[in-house]
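Peer 1: Protein chains in written order, with our numbering: chain D, 1 to 67; chain L, 1001 to 1250.
I should point out that these hints are in silico values taken from the structure, not numbers from a laboratory.
One thing to keep in mind: the hints can contain errors.
Stated by the list, open to error - Among the chain L residues that face chain D by a calculated CB cut under 7 Å, a handful are:
1) 1094
2) 1128
3) 1215
4) 1231
5) 1235
6) 1237
Bear in mind the structure is a predicted one, so any value in this text is a computation, not a measurement.
Where is the CB? At the ideal position from N, CA and C, for every residue including glycine.
The primary structure of each chain is shown beneath.
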Amino acid sequence: MKTLINIFRELAGLFIDDGLFALAIGVVVVLAAIVAAIASAVPIAAGVVLLVGCLGVLFGNVTWETV
Amino acid sequence: MIMTWTSVAPAVSAAFLSSLVEAVEALTIVLSVATVRGWRPAGLGALAGLASLALIVLALGPLLDRVPLHALQLIIGVLLLLFGMRWLRKAILRAAGVVPLHDEALAFATGTAALREQARHHNTRLDWLAGLAAYKAMLLEGLEVVFVVIAVGAGRGLLVPASIGALAACALVAAVGFAVRRPLARVPENTLKFTVGVMLSAFGVFWTGEGLGVPWPGEDLAILGFAALFLIAALAAVRLVRSPAVEAAP
Chain D
1 MKTLINIFRE
11 LAGLFIDDGL
21 FALAIGVVVV
31 LAAIVAAIAS
41 AVPIAAGVVL
51 LVGCLGVLFG
61 NVTWETV
Chain L
1001 MIMTWTSVAP
1011 AVSAAFLSSL
1021 VEAVEALTIV
1031 LSVATVRGWR
1041 PAGLGALAGL
1051 ASLALIVLAL
1061 GPLLDRVPLH
1071 ALQLIIGVLL
1081 LLFGMRWLRK
1091 AILRAAGVVP
1101 LHDEALAFAT
1111 GTAALREQAR
1121 HHNTRLDWLA
1131 GLAAYKAMLL
1141 EGLEVVFVVI
1151 AVGAGRGLLV
1161 PASIGALAAC
1171 ALVAAVGFAV
1181 RRPLARVPEN
1191 TLKFTVGVML
1201 SAFGVFWTGE
1211 GLGVPWPGED
1221 LAILGFAALF
1231 LIAALAAVRL
1241 VRSPAVEAAP
């Protein structure tokens, strides 16, 4: 049982290492989904939010890490 | 579905490079086990891990066809973003000297020391524990390989090329590793993780966008553009956060 729990933890760890970082990526995806729903006439807008948001999260998290 | 070089090459190289990293990590643990307890528990554990992995793929693989394409793209895209950006973040911090580099030789030494310590306390159970360590390493690292293959290949008919890339990497590492009988410490792991992190993050943005119905300009070619942007952002982040100790080093 303990081994199974450890394996499950390690599996979750494949995707979530820093909780705040993972949460920020989730927020960006949700924002992009909202933009896709609201601005359906301009579908590329959701893509821009997604791309810029992900780059911003990466850059922001790494620089925040060293503050 | 027509396969083009621009769609096949990124998928195959992402699968190959990420599998290379995972295979090196799995090999390090299997070699640790083999060094302390011999090839029998290491080999049995590794084979059991591979068998479990094959069962998981056979059981879950057919389910992929039943998931609607947009939902599959969105789920895989988000998982790829989490997985790829996690790798890229760590690779940036390692390249900048904020986090120590992953050292396979050190991992090997730590692994063997831990197994020897266990041997002193539980000598009779050690073969079982050693086999379990090899099993777990093979299963977990193998699952990462399977995930990457599915993520970059599913939905575009690229599962076979991506699988070939992954299998080639695993075969290469296994052949070299078992020939030299020591961990592949000279593999530039952080450079590989940096490259793979950039590629998987680019795939993640592409798939998530596709799942949300975004019509990317240039279609598959957009992945290369995203990769370039992630690379520029990552290199800029390394320069910005590089610690003074790393800066001073030759």
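Peer 1: Look at each hint and say if it fits the structure.
Peer 2: Here is what the structure says about each hint:
Nearest Cβ of chain D to the Cβ of residue 1094 of chain L: about 11 Å, over the 7 Å cut. The hint is violated. The interface hint given for residue 1128 of chain L is broken, as the beta carbon of that residue sits about 11 Å from the closest beta carbon of chain D, more than 7 Å. At about 6 Å, the closest approach between the beta carbon of residue 1215 of chain L and any beta carbon in chain D falls short of 7 Å, and the interface hint on this residue holds. Interface restraint check: residue 1231 of chain L against chain D, minimum CB-CB distance 11 Å, threshold 7 Å, status violated.
Because the beta carbon of residue 1235 of chain L sits about 11 Å from the nearest beta carbon in chain D, more than 7 Å, this interface hint is broken. Checking residue 1237 of chain L against chain D by beta carbon gives a least distance of about 4 Å; that is within 7 Å, so the hint holds.
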